[in-house]
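Assemble the complex: chain A is given as a structure, and chain B must be docked to it using the hints.
Those protein sequences? They're chains A and B, same order as listed.
Just so you know, the first sequence maps onto residues 835 to 1001 in this note's numbering.
Just so you know, the second sequence maps onto residues 835 to 1001 in this note's numbering.
Mixed in with the good hints, there may be bad ones.
It does not matter which identical chain is used: a pair holds within one copy or between any two.
Below, a list of computed lysine-lysine pairs in the DSS-like style, where the Cα atoms sit at most 30 Å apart [claimed, not checked]:
1) Lys984 <-> Lys951
2) Lys984 <-> Lys944
3) Lys984 <-> Lys884
These are computed hints drawn from the structure, not numbers from a lab.
Protein chains: 2
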Amino acid sequence: MQVEKEIEYKAIGVFKSNYTPETGAPRQGMLRPDETARIEIFEPYREALKSLDEFEYILVFYHFNLTGDWEPIVNPPGSSHEHEFGLFSTRSPRRPNPLGFTLVKLDSIKDGILYIKGSDAFNGSPVIDIKPFLPSVDSVESSINWYVEKELGHHDEDFIDDPEFYR
Amino acid sequence: MQVEKEIEYKAIGVFKSNYTPETGAPRQGMLRPDETARIEIFEPYREALKSLDEFEYILVFYHFNLTGDWEPIVNPPGSSHEHEFGLFSTRSPRRPNPLGFTLVKLDSIKDGILYIKGSDAFNGSPVIDIKPFLPSVDSVESSINWYVEKELGHHDEDFIDDPEFYR
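For reference, chain A alone in the conformation it holds in the complex (with noise of 0.2 Å):
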C-alpha cells in the first residue's frame, strides 16, 4: 500500500494569546488552566462551529510555526533525568511534523471566535483543527502513564519553558 508523502494542510484559524517567544508558555496549558485566549475561526470554517459550544472542554490541533529545527533525542526541561528522551516520547514542540495539540476550556463562542482558557500556544500560531474532548474514549486510567509523565518532569513546579528552549 502506497503512503501518501507529503500532506498538505492549511490553517482554519489562528491563536491569540499572550505568550510569545519572548515570554515563553507553559509546558502545558492546563498548568495555568485560568489563563484566557482566543481562537478566531477564519469565514469559511465559522458555520462548522454550530453546536460545539454544548462542549465545556475542546481539543484544538495546531502548528508550531515558530519552532527549530528537530533532534531525535532531547532532554525535556524539568526533567530531572540524566539520561535523554526519544522525542515521541515528549512534548517537545520540535517535531518533524510540528503539531501541537492541547485540551481547553471553552467559555463561549461569538461571531467566529472561541474564547477559551487553559491554552499553551503562542499568539499567532496557526490552528489546524477543533474537536470535541469525548471522555469514553479520549482518556483512560493508567497509573503507569502518571508515573512516567512524573519521572519525565511533566509536573515540574517551573513550569514556563526556557524562550531559548523554542529558538
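For chain B alone, coordinates are given in the frame of chain A:
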C-alpha cells in the same frame, strides 16, 4: 501577525490494521480496546522512539487519506438527534484538514514497529505524530462533556460506522 497559509507535513510511519473502507471501523478505537494493530515507523524517525515504551498509553495523530470532501454541517452516525451538528463538534473524518486522533494502548515496540491496541485507523493510514498521553493535562473531569458526548450519539452501541460514510 501573518498566518502561514499552507502547512506541509510528511508521513513518519504507517498504520497496519484490519480496518478498511469495506469493513468500516469503530467510531473510536477505544470502543474496541482489544483490537490489535501496528504502526510501522519509517527508519529516519526510529531513533526518536527511545523511551516511548515506558508509557502504557500514547496519542497517535494520523491522516484520513481515504476520506471524502468536508462539509460544514453533518449528522453523525449513531446520533439520535434530528438536528444537525457543526463539523467541529463531531469526530467525522470529513474535515477541512482530515487529521485523525486516537488514544491507544502501547503493548511493545520492536524494530521500529509499535504493537498497539484500541486503534480506529484504516490500514495504510499515514501517521503524522506520536506523543505520550499525559494524564495531568490531557484529561479532565467534565460531566457536561459526558452528557453531550452521549447526546451526540458517540456512545451508541451500533458503533461500526457505515462504510458509506467515508466515501
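Item to check | Unsatisfied constraints (hint numbers, rising) | outcome: Every hint satisfied by this model.
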